[in-house]
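Asker: Sequence:
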Amino acid sequence: MSQSRKQYPFDLIEQKWQQAWSRQETFRAWNPGDPIPHSHPFARRHNLRDTQPDSLPPKYYILDMFPYPSGAGLHVGHPEGYTATDILARYRRALGFNVLHPIGWDAFGLPAEQYAIKTRQHPRKTTEANIATFKRQIQSLGFTYDWSREVDTTDPRYFKWTQWIFLQIYNSWFNPVTRRAEPIGTLKDPSDLKTETERRAWRDSKRLAYVSEAPVNWCPELGTVLANEEVIDGKSEVGDFPVIRKPMRQWMLRITAYAERLLDDLDSIDWSDSLKEMQRNWIGRSEGAEVVFPIADSAKSIPVFTTRPDTLFGATYMVLAPEHPLVDELATPEQRNAVRDYKAGVARKSDLERTELARDKTGVFTGSFAINPVTQKPIPIWIADYVLATYGTGAIMAVPGHDTRDLEFARMFDLPILKVVEPPAHEPWEGFIGEGIAVNSPLIDGLPTHEAKRKIIDRLEQEGRGRRTINYKLRDWLFSRQRYWGEPFPIVWRTDPAGNLQHEALPESDLPVLPPPLDDYKPTPDGRPPLARATDWITLPDGSTRETNTMPQWAGSCWYYLRYLDARNETALCDPRAERYWMGTTPPSSSTAQGDHASSPDRKPTPGVDLYVGGTEHAVLHLLYARFWHKVLFDLGHVSTPEPFFKLVNQGLILGEDGQKMSKSRGNVINPDVILSEYGADAFRLYEMFMGPLEMVKPWNTKGVEGVYRFLGRAWRLFIDETSHQTFEQAVTAGGGAPAEALLDLLRLNEAITDTEPSPDQLKVLHACIKKVTEDLNGLRFNTAISALMVFVNEALNWKTRPRVVLAEFLVLLQPFAPHLAEELWGRLMSREKAGPRDTALALAYQPWPGFDPALLVEDTLEIPVQVNGKLRDRIAVPATASRQDLETAALASEKARSFYEGKTVRKIIVVPGKLVNIVTD
RNA sequence: GCCGGUGUGGCGAAAUGGCAGACGCACAGGACUUAAAAUCCUGGGCCCGUAAAAAGGCGUGUCGGUUCGAGUCCGACCACCGGCACCA
1 MSQSRKQYPF DLIEQKWQQA WSRQETFRAW NPGDPIPHSH PFARRHNLRD TQPDSLPPKY
61 YILDMFPYPS GAGLHVGHPE GYTATDILAR YRRALGFNVL HPIGWDAFGL PAEQYAIKTR
121 QHPRKTTEAN IATFKRQIQS LGFTYDWSRE VDTTDPRYFK WTQWIFLQIY NSWFNPVTRR
181 AEPIGTLKDP SDLKTETERR AWRDSKRLAY VSEAPVNWCP ELGTVLANEE VIDGKSEVGD
241 FPVIRKPMRQ WMLRITAYAE RLLDDLDSID WSDSLKEMQR NWIGRSEGAE VVFPIADSAK
301 SIPVFTTRPD TLFGATYMVL APEHPLVDEL ATPEQRNAVR DYKAGVARKS DLERTELARD
361 KTGVFTGSFA INPVTQKPIP IWIADYVLAT YGTGAIMAVP GHDTRDLEFA RMFDLPILKV
421 VEPPAHEPWE GFIGEGIAVN SPLIDGLPTH EAKRKIIDRL EQEGRGRRTI NYKLRDWLFS
481 RQRYWGEPFP IVWRTDPAGN LQHEALPESD LPVLPPPLDD YKPTPDGRPP LARATDWITL
541 PDGSTRETNT MPQWAGSCWY YLRYLDARNE TALCDPRAER YWMGTTPPSS STAQGDHASS
601 PDRKPTPGVD LYVGGTEHAV LHLLYARFWH KVLFDLGHVS TPEPFFKLVN QGLILGEDGQ
661 KMSKSRGNVI NPDVILSEYG ADAFRLYEMF MGPLEMVKPW NTKGVEGVYR FLGRAWRLFI
721 DETSHQTFEQ AVTAGGGAPA EALLDLLRLN EAITDTEPSP DQLKVLHACI KKVTEDLNGL
781 RFNTAISALM VFVNEALNWK TRPRVVLAEF LVLLQPFAPH LAEELWGRLM SREKAGPRDT
841 ALALAYQPWP GFDPALLVED TLEIPVQVNG KLRDRIAVPA TASRQDLETA ALASEKARSF
901 YEGKTVRKII VVPGKLVNIV TD
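For the first sequence, my numbering begins at 1 and goes up steadily by one.
Just so you know, these hints were derived from the structure itself, not from any lab.
Predicted model, so just to flag it, every value in this text is computed and none were measured.
Where hints are given, some of them may not hold.
[What the hints assert, rightly or not] DSS-like, lysine-lysine: derived pairs with alpha carbons at most 27 Å apart: (1) Lys764 <-> Lys703; (2) Lys904 <-> Lys915; (3) Lys664 <-> Lys6; (4) Lys915 <-> Lys125; (5) Lys188 <-> Lys160; (6) Lys188 <-> Lys206; (7) Lys135 <-> Lys698; (8) Lys135 <-> Lys125; (9) Lys300 <-> Lys235; (10) Lys647 <-> Lys703; (11) Lys235 <-> Lys473; (12) Lys377 <-> Lys349.
[Stated by the list, open to error] Using C-beta positions, here's what the derived DEER-type ranges look like: (13) Pro442 <-> Gly464: 11 to 21 Å; (14) Thr840 <-> Thr616: 24 to 34 Å; (15) Arg494 <-> Pro378: 22 to 32 Å; (16) Arg348 <-> Ser205: 51 to 61 Å; (17) Thr119 <-> Arg348: 35 to 45 Å; (18) Ala299 <-> Pro442: 22 to 32 Å.
Quick reminder that beta carbons are idealized off the backbone N, C-alpha and C, glycines included.
Assemble the whole structure, with the sequences as input and the hints as a guide.
Answerer: And the structure:
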């Protein structure tokens with residue numbers, strides 16, 4: 001499709017309407033208290049004189065995951081989610097909601113910095129260029145974003161508030177009694193702390209943001225540390241470079257304090273099961289017990305965590321992680337060398353090597369013994385790298401009889417294996433890890449696993465040898481990076497009178513803390529942040545020195561949906577009134593949203609963002625971090641809901657035409673700009689939605705774009721006179737620099753369009769379409785909604801007269817999907833006079849969504865299938881009002897059906913009125 | 001290994017337990033055209049049949065079950081995609 005004739009002048013039309021929408025701020029969303037011009041279509045539609053909260057219609061907040069503006073520009077995956085949300089935003093506006101639909105740029109991050117290193121340009125420069133490209137591309141798709149709320153995470157006016165939120169987190173602690181974050185001032189010092197230094201250290205250890213000197217994920221290639229969530233299979237998510245463990249002094253956020261709430265509150269939000277499961281697995285809650293094993297010939301003891309305390313009698317040895325703090329102490333002189341060598345070997349391994357599957361178990365005996373607290377028998381203490389220092393207590397009781405890994409290890413090193421659980425019939429007991437009956441366990445013999453657990457924990461608790469507990473896989477969030485292109489911390493370091501280096505928050509009045517100008521953005525091999533090179537910047541007049549780490553890319557995206565609520569506020573991250581209106585649950589007192597028919601979507605305002613659409617790649621990163629920050633802000637009274645995103649939908653990946661993931665190396669990348677210039681934005685939008693269900697993975701097919709493009713051409717010809725179109729095309733070809741408006745004026749409405757009364761048939765076609773499109777939009781089934789629009793056009797093209805009122809309603813349905821074409825046709829259709837009840841002075845985008853009349857859909861006669869024994873044998877035409885008896889009689893009268901039941905006994909006849917008849921024989 | 005998802009024409013897909021394949025792509029035939037493109041009309045799951053039909057049989061990953069009736073519900077399995085992965 002290169003030289004062929006344009007189906008319709010999408011280029012002129014799209015440009016025309018995009019300019020009009022931009023000039024008139026058609027899609028601006030209005031906050032409570034905003035002055036609203038009377039001429040704005042939103043004011044006209046809702047008869048607004050002011051925007052006090054109780055005069056505004058119900059809100060609908062529909063959010064896209066904002067893009068990282070990479071140098072490569074938009075790819076076809078971006079518009080998939082963006083088109084879906086745009087269609088819904090337009091639909092909700094038509095239903096009468098006050099719709100908030102914003103966009104912005106998640107612009108801090110590694111690629112911009114790496115490019116800066118290569119070209120020695122400031123990342124600000126490339127970031128601005130990339131944003132300009134993305135913005136142009138996004139605007140060319142006709143999305144209804146409110147550009148007055150655009151945000152950029154790298155803008156100091158934005159990250160001022162990122163830093164402000166960090167200060168709130170820093171100045172809070174998690175009160176385990178109330179299970180909430182509270183200001184650090186409410187923390188009572190324990191009475192036994194004497195010096196100010198002690199009290200300070202204790203307080204610092206309770207903050208939600210704290211400094212830790214722990215082994216972290218260090219990526220030498222990137223020259224930065226990474227969060228657990230950013231490490232995939234021992235390699236960096238960005239760049240796929242090896243990651244090693246290295247002890248470093250880093251900032252951490254205490255997300256683990258929120259593990260329980262992050263888990264529990266998943267039940268209150270409408271996310272897909274798979275996504276919730278991913279978060280549940282990441283949080284990784286396990287119920288069990290901590291059991292204390294005394295060390296033989298020592299006053300010390302080692303606690304272990306187990307989910308199977310019922311197998312305690314089968315614990316025949318113990319294993320510590322090689323990094324466990326007691327290891328050196330436990331190593332006996334004979335074993336000391338072996339232990340030291342093993343530890344050294346483990347430390348050398350990368351995470352990848354260490355977690356490699358199907359690896360034989362390794363480990364060494366420490367020489368020491370622990371006492372099994374129920375059998376009182378001594379058991380050897382080993383160290384092995386299959387035990388992780390970072391989970392539980394870093395030590396386990398090994399029950400080789402009923403744990404796969406322990407069994408493997410015990411066989412390798414010839415350690416005793418005991419049977420303490422009787423499996424259900426016929427299963428071998430060795431390595432059986434399921435639930436059964438406790439045996440060889442005097443205290444609990446004969447009890448099923450569940451009761452055995454309870455009884456043994458009760459006993460351990462009585463004796464002070466253990467307690468019921470819950471463990472999480474979730475680790476605290478490593479929050480500092482050794483990068484240039486990120487938010488600086490609002491923190492300084494100062495040496496106190498006792499000579500200790502202490503961190504201290506900068507006052508809010510010092511925000512934003514701007515990064516220093518630098519020539520060299522390179523990371524350093526030793527992990528010293530690039531900001532450390534800015535010696536002038538580091539040192540403050542009072543002698544304190546600045547924190548030189550920066551925040552991770554996730555910081556800016558943790559709260560951007562809040563900034564949209566009031567994006568230009570200079571005195572707060574957002575106005576509380578705006579926050580309550582857009583995010584709160586308080587329903588507005590008056591509801592001007594229309595549509596009370598049964599299929600209309602639930603009108604109840606939902607807490608938080610009503611709908612959030614984005615890719616699955618953020619399942620455990622952004623979506624977990626944002627929920628965490630939101631909960632902290634909720635606890636501190638800055639937001640009014642415990643969860644930020646009420647409903648969340650993941651769009652499926654779009655593959656290349658070869659069915660493979662799009663990638664430069666495969667050469668199967670589709671460039672949206674090319675599609676746009678060949679077929680226009682409406683066809684592009686329509687195709688992305690027509691490909692299949694939003695959530696599914698689906699391959700791109702440019703031929704498919706042509707298909708929907710042809711549909712738009714048919715819709716065009718439904719309205720536009722063919723002869724005038726030819727005249728128009730000749731004028732376009734002749735050129736001469738005629739303005740677009742003058743050219744478009746050559747087009748005439750199709751003469752079949754009349755002001756005659758629609759026929760019952762025509763109304764039926766229209767209302768079937770309204771019903772289908774409405775129901776499908778409520779269920780996010782864009783593909784079938786579009787096919788309903790196609791069915792309408794295919795039908796209507798056969799009409800000799802096309803009633804204006806019917807076509808007008810169709811355009812209201814088409815508008816969310818193909819807005820430019822629909823607006824253009826609307827202007828032509830409605831310019832002469834009013835059509836029916838519609839306000840012709842109101843822009844199509846704000847026209848009320850039509851309801852459908854079920855009475856119009858009723859058929860006079862039905863074609864009813866007749867089955868014999870469940871197989872289709874005939875179809876009969878009956879009046880729609882036919883009774884059961886009528887249907888039965890008519891079915892039995894069918895000659896075709898008769899030949900299949902003749903000579904047999906008819907046992908019964910199933911009649912489903914309006915559906916089918918099934919004749920059942922012996 | 002565990003968790004989640006998906007299996008329907010040549011392809012993307014559609015189907016409140018009730019006519020499988022709507023809609024679209026690709027393809028074939030026809031109209032218009034000097035010709036092509038565009039447009040319009042027609043056809044089509046597979047098999048067997050037939051000059052062409054009709055009639056018939058088989059069909060939603062596999063095997064079984066529930067039901068008058070199963071793509072849809074239940075059980076077992078297979079394949080593919082995504083996530084987690086020595087988490088005690």
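Asker: Determine which of the earlier numbered hints do not hold for this structure and return their numbers in increasing order.
Answerer: Hint check: 1, 3, 4, 5, 9, 10, 12, 14, 15 and 16 fail, others pass.
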